[in-house]
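Using the sequences provided together with the hints, build the complete structure.
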Amino acid sequence: MKSRKRMVGEVAVIALSGGLDSHSAAEIRDKVTGQLADHEHVVVDFSGVTCVSSASIRAMLLIYRQAQALDRTVAVVGLSPEVRNVLSATGFLHFFVVAGSVADAVTAVEAKGVNQFERAASVA
Amino acid sequence: MNAPRLLRDRIDSFPTHNIAGYGVRPGRTGPFGATLVPGGVNFAVYAGNATSVSVVLYKLGDADPTAEIAIPTDFRVGRVWAVTVFGLEYEDLEYGFRVYGPENAGINDRYDPTVVLSDPYAKVLGGREEWGKLPDYDRQYQHRARLAFEDFDWEGDRPLRIPTENLVVYEAHVRGFTRHPSSGVANPGTYAGLVEKIPYLQRLGVNCVELLPVFEFDEFGNSRLNTDTGEMLLNFWGYNTVGFFAPKAGYAATSRFGMQGDEFKNMVKALHAAGIEVMLDVVFNHTAEGNELGPSISFRGLDNQTYYMMTPDGYYFNFSGTGNTVNSNNPITRDFIVSCLRYWAAEYHIDGFRFDLAAVLDRDENGVPLGNPPLIQALAHDPILRDCKLVAEAWDAGGLYQVGSFPNYHRWSEWNGKYRDTLRKFLKGDEGMIGELATRIAGSPDLYKGRGARASINFVTCHDGFTLADMVAYNDKHNEANGENNNDGANDNNSWNHGAEGPTDDPEIVKVRDRQMKNAMLLLMTSRGVPMMLSGDEVGRTQKGNNNAYCQDSELSWFDWSQVETNSGLLEFASNVTAFRLAHPVLRGAHHPNSIDPSDCGHPEVSWHGTRAWQPDWSPGSRVLGIMWCGHHLDVDASPDYVYVVANSHWDAHDVELPTVDPGFVWHLFADTAQDDPGACVLGNEEPLSNPNWYTVSPRSVVALVARPVS
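Note that the protein sequences, when read in sequence, are chains A and B.
Taking the numbering used here, the leading residue of the first sequence gets 178, the next gets one more, and so forth.
Taking the numbering used here, the leading residue of the second sequence gets 570, the next gets one more, and so forth.
These aren't lab readings, by the way, just hints derived from the structure by calculation.
There could be a bad hint or two in this list.
Unchecked claim - The calculated DMTMM-like cross-link candidates involving lysine to aspartate or glutamate, where the alpha carbons are at most 25 Å apart (straight line), are: (1) B:K994 x B:D1033; (2) A:K208 x B:E1226; (3) B:K997 x B:E1226; (4) A:K208 x B:D722; (5) B:K766 x A:E259.
Just so it is clear, the structure is predicted and the values come from calculations on it, not from any experiment.
In C-alpha cells, the structure reads:
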C-alpha cells in the first residue's frame, strides 16, 4: 500500500493506492492521525485502493475517533460501492463527510469550519 | 502531564513458556472463550473430564491449522484450561479446541480428539458467511471461532424500558422480511435490510420487534432435497443453534468482512432510535449437535454428559423433538445460558428474550419437571437482565404443558396458547365461547392471577401455524412443499375457510375473510395483555396453506412488499387499531381489570354486556359479547376514557343496546369491521353515532366505540 500527501490550500489530501490489509491499515491510521495533529482538515482519497479488509474499515473508524477528539473533520473520496455499502450497513458512513471528488471534499471540509460534528451529508 | 503507564509494563504481559513457536503463559480462567489481552489472546475453556486440551489456530481462509498449542496441565485450574498466547494476528485468526478424554471415559462422555471443536463462547463464527452457499464438507472444522473487537459506538443508545403492558410485538424473520425482490432494499434479507424498513414499522405502530433465531445456525443442518421439485430445502427458521454468542453471519450484508456484529448492533441502535424494542427468540432447549447421529460441534466434545440430558444407557433424551435436550439446570450449563443472555443484553442492548420450548428448561438432568428450576429462577433474578422482558413458550415436545403454571417468580410472561385457541374458535363461530372470550380479553386471570395481565402474551398467529390470511382461507394444512407428504405441521388449527379451500373468486367469501382478519386484529388490540402480531398479517401475507414453513426459503415465506399496495386497506386498518391501543391506556393495564371503579369515573373498569346493556349472555348459544372499558385518558386530569367493543361471531346481525355513559358524552364510532376499507378511522376522527343508544352489529364483525363529549 502506498500513500502520497499533498496540500490543497490548508487541506491535507492523502491519496492511497494498493491493497489495504491489516498491516497497511495500521499504517494509514497512523499517517492520517499524524496529519490530523498537524492540519485542521484532512481528505483521504481511496480511489487508488484495489481491495480492502475489515481491518482497514476499522482503521477508518479509528481515524474518525481521532478526528473527533481533536475537533477535526475528515472527508473521504473514492470509496468503492462495496466499501460504501459496508460502512452504510454498519452505521459508520455518517461519521464521514463523503464526497465525489477531491475538489468537492476540500470545499466540504473547509466549509465545516464552525460545525465540526455535523453528520455527513453526501456532497456528490 | 504524565503519559499513562503502558499495559506492556505489567509483569503478566510476557510469556513464560514457548509452545509450538508461540510465547504463552498461564491464562485467566475467565471470561470463558477468547479474550483480547495486552499483547495476546487469552483462551479459557471448560472441558469436563478431559486429560488434555489444545488450542488449534488457523489463519483466516486456510483449510488446515497453522499451529496447535497443547495447554500444559499446570495451566489447568479445576476443570478449566486457560492459556494466554502472545503474538497472534487477531484479525486473521480462527481458533478451535482439540480435546482428549480419559481412557476410562463414562458411558455418556463423547470425547473425540479427531475433531476440532468450536468454542461455545465464540463471539463470531466463520464458515457460513454467505446464506445458502454450499459448504465445503471436505474442510475439517466447519464452524470456526473468531475474535470480535466489540468496540461499536452506540452513541448513547440505551434500552427503551417500555413497560411490558405497553408493548405491541411484531414477530419477524430477519431474512424473510426483506429478501423478496419487491422489498427494494439495498441489502435484501439482512440486518441492514431491516433497518431500511423501520419507517414502515413506525407507520404500522409496533414498538417491539421479536426476531426469529439470530444466533448462528447452519441452514444446511438437516437440509434435504425436495424430490418433487429438485430444490434444496434449507433450515430457514433457524431453530437449531450452532453458536449462542454469535449473530448469524448469513443474515449480514457485511459478513465478508466479519462485521456482522457491528451490523447487528447498528440495527438495534436504529430500532431504538425509532422507539422500537428488540426481543430475541432464543433456543436453549436443544442444539444443532442432534443425537448420536449428529455432528460434534462444541458441547458434545467438551463435556457431553454435562450439557445434554442422557439416559442411563447412553442415549439422548429428546424432549425437544429435535434430537437432543440441553441439560439446562446443571450448574455449568445454567452458567452458560445466563452468561449468554447477559452478553446479549449488555453488549447488544437487547430488550427481551422469548424462550423456545421453555418447558424443557424446567426439567432436571433426567427430564423430571422441577418446581423450582434453578435456571428459571436465576434468570428471573439476574441483575443484568433485570430490565429485560422474559417470555416463555411454556410447553415442549415431551408433553409438558405449562401455560399458566410455568414457574414465573413474578417476572416471566408466557405465550398464551389459550388466547390463540379461544379467539380462533370464537371467530369461526363455535358455540359456548363467550365466557372464555371474556376471560381472554380480560388478560386471562384464570391463568395469570397474581401476575397481572402483562404475563399474557396474546396472539392469534405466530410463525408456527397458519398466517392470518391462511387461517381464514384454509380448513386444512397444505405442507406438500415441505416434502414430508403433508405429515408435518399441526392439525388442530381451529381455522375455517368460509366456504372454499384456498384462493377464490367468490366476492362474498373474499369479503368475509377480510372482515375476519380485521376481527382478529381488533380483538387482539383491545385485549388486556401484550398483543403479538405475525409479520405480514397486516398485508394479508399467505403461505398458500403451509402451516409449517420452517424449510421454505422462498417466496412462500418471504414478505411480499407489493401487498403493501394491493392490501392497503387492511394495512391501514392494522395501523389504526394499533394506534388506538396506544391511545387508550385502559386497554393496556398491567393488572387484570375488575368490577370496581379505580378511576372514579362512575363505571367499573370493565363490564360485560350482551345485546342488552349490562346483561352479558354466557349461554352456549350466545355469540355476542360487549366489553366496556372505563379508565382515564393519557392526561390524568382529563375526562374518563370509555371504550366499548362488541364482538359478534353469529351469522346474523344483532341490534345491540349501548350502555349509557356520563351525561354530556355520546358514543362515537372508531371501527366497524363490516364497513368498507379500511373499517377503522384515524384517531381523533371518530364520528358520533346516528343513534346514540343502539347499534346494529353486522354478522361476523367487531365494532369499537369511544365516548366523546357532545359537540
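Now the hints, each set against the structure:
1. B:K994 x B:D1033: At roughly 17 Å apart (the allowed maximum being 25 Å), D1033 of chain B and K994 of chain B satisfy the hint.
2. A:K208 x B:E1226: 80 Å, violated
3. B:K997 x B:E1226: 24 Å, holds
4. A:K208 x B:D722: 23 Å, holds
5. B:K766 x A:E259: 21 Å, holds
Of the numbered hints listed earlier, the single one contradicted by the structure is hint 2.
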